[in-house]
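Dock chain U against the given chain Z, drawing on the hints supplied.
Sequence order for the protein chains is Z and U.
In terms of the working numbering, the first sequence is residues 1 to 145.
In terms of the working numbering, the second sequence is residues 1 to 126.
To be clear, the hints were calculated from the coordinates, so they are not data collected in a lab.
All values reported here derive from a predicted model rather than from experimental measurement.
By construction, the Cβ of each residue, glycine as well, lies at the ideal position given by its N, Cα and C atoms.
Heads up, a few of these hints could be off.
Residues on chain Z that point at chain U, a partial pick, calculated with CB under 8 Å [claimed, not checked]:
(1) 3
(2) 5
(3) 6
(4) 7
(5) 8
(6) 12
(7) 14
(8) 15
(9) 16
(10) 21
(11) 25
(12) 27
(13) 106
(14) 107
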Amino acid sequence: MRIRLAYGRKGLTIELPDRAAVTVIEPEFVPGLEDERTALRAALASPIGCPPLPELVHSSDTVAVVFSDITRPMPNDRVLPVLLEELSRAGLPDDHVVLVNALATHRAQTEAELKTMLGEAVVNRYHIVQHNAWDEATLKPVGRI
Amino acid sequence: MSAAARIVKPGGVIIIAAECWDGIPNHGEFKRLLWEASSPEELLAQVMTPGFRCLDQWEAQVLAQIRHKASIYLYTDGLTEEEIRRSHLLPCRSVEKTVEEFLQSNPKATIAILPDGPQTVPTVAS
Chain Z
1 MRIRLAYGRK
11 GLTIELPDRA
21 AVTVIEPEFV
31 PGLEDERTAL
41 RAALASPIGC
51 PPLPELVHSS
61 DTVAVVFSDI
71 TRPMPNDRVL
81 PVLLEELSRA
91 GLPDDHVVLV
101 NALATHRAQT
111 EAELKTMLGE
121 AVVNRYHIVQ
131 HNAWDEATLK
141 PVGRI
Chain U
1 MSAAARIVKP
11 GGVIIIAAEC
21 WDGIPNHGEF
31 KRLLWEASSP
41 EELLAQVMTP
51 GFRCLDQWEA
61 QVLAQIRHKA
71 SIYLYTDGLT
81 EEEIRRSHLL
91 PCRSVEKTVE
101 EFLQSNPKAT
111 IAILPDGPQT
121 VPTVAS
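Next up, chain Z with everything else stripped away, as it sits in the complex (with noise of 0.2 Å):
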C-alpha cells in the first residue's frame, strides 16, 4: 500500500506491507475556484454585514491590512493583489497603505521570506510593517479583556 503524506512541500510517499490493518482518513476533497481572481472580485464587491471598500474608503483615508504570516498556509500572494486593487480603484493612494505581518509571538520574516509570501510586486509597492510584540514602543493599548 502507498501513502502519499503532507510533509514540507514535496510531500513523503511510504509504503506499507499489505498485510497491514490499515485505515486511512482522509479530507473531504473540496474542489478549489475555477477563476479566484473573479471570484475574489465578486466577493469584495458584496461583502457581508458592510458597504464595499469603495463606499468606505476615501482618497484621504489610510488603511492597514494585516496578513497571516508564514506559519499559516494563507495564499497571501493571491488574495492581496486583489484586494490592493480594489483599494487602489476606490482612489486611495500607494503611500495610505500598510500591510501588517500578524506575527503574534512568532520571529519576524526575511525579506525573501516576504517576496514569496505576498509576491516581489507587493513588496516593491507597499510598505510593510512587521508586528513586534515584545516592543512596545510600536504598540499602544486599546482596551483589557
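Chain U alone, transformed into the frame defined by chain Z:
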C-alpha cells in the same frame, strides 16, 4: 500529534512525519519549557503548579499530555536526533521501518494513517 492522540490506544505509538523546516523556534518559550524539563511528567508538574503562567505553555503541556498516552516518534529533516530527544520525542529515520518493527512485535496492531495530519480530526466511534 493531537489529531492522532484522539484515536491512539493508551500505550500505543504515534509516528509523525513533519518537515520542521524552520527548526524548533528560538522565539517564545516552547523550546525552553520542553528542554528544561527532564521528563513529560516533570513538565506537567511544573505547568500544574498553582500560579504558574508562561507564554506558550499550552504547546508544551499538550505534548507532555500526549506523551502520557503514547510513544511519539518524529520523522523530520529539520531537527537533529538530540533536538528530538530533548523535546521528549523519539527520532524515526524511516516511517516504513518503524511501522515494520512494531508490526513484527505486534502483528495484530491496527494502524490509522492521517495523510493530511491535523486537516482531519478523527474520533473513535462509541
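Going through the hints against the structure:
Restraint check, residue 3/Z versus chain U: the minimum CB separation of about 6 Å is within 8 Å; hint holds. The interface hint given for residue 5/Z holds, since its Cβ lies 5 Å from the closest Cβ of chain U, which is under the 8 Å cut-off. Interface restraint check for residue 6/Z: the shortest CB-CB distance to chain U comes to about 5 Å, inside 8 Å, so the restraint holds. Because the beta carbon of residue 7/Z sits about 5 Å from the nearest beta carbon in chain U, less than 8 Å, this interface hint is met.
Checking residue 8/Z against chain U by beta carbon gives a least distance of about 3 Å; that is within 8 Å, so the hint holds. Because the beta carbon of residue 12/Z sits about 5 Å from the nearest beta carbon in chain U, less than 8 Å, this interface hint is met. Hint status for residue 14/Z: holds, given a least beta-carbon distance of 5 Å to chain U, under 8 Å. The closest approach between the C-beta of residue 15/Z and any C-beta of chain U is roughly 6 Å, which is under the 8 Å cut-off, so the hint is satisfied.
At a threshold of 8 Å, the smallest CB-CB gap from residue 16/Z to chain U is about 6 Å, leaving the interface hint in force. Of the supplied interface hints, the one on residue 21/Z holds, with its beta-carbon coming within about 5 Å of a beta-carbon of chain U, less than 8 Å. For residue 25/Z, the interface hint holds, since its Cβ comes within 8 Å of a Cβ in chain U; the closest pair sits about 5 Å apart. Interface hint at residue 27/Z: satisfied, since its Cβ lies 5 Å from the closest Cβ of chain U, which is below the 8 Å cut-off.
Because the smallest distance between the Cβ of residue 106/Z and any Cβ of chain U comes to about 6 Å, under 8 Å, the interface hint for this residue holds. Hint status for residue 107/Z relative to chain U: holds, with the closest Cβ pair at about 5 Å, below 8 Å.
Going down the numbered hints, you'll see the structure goes against none, and every one checks out.
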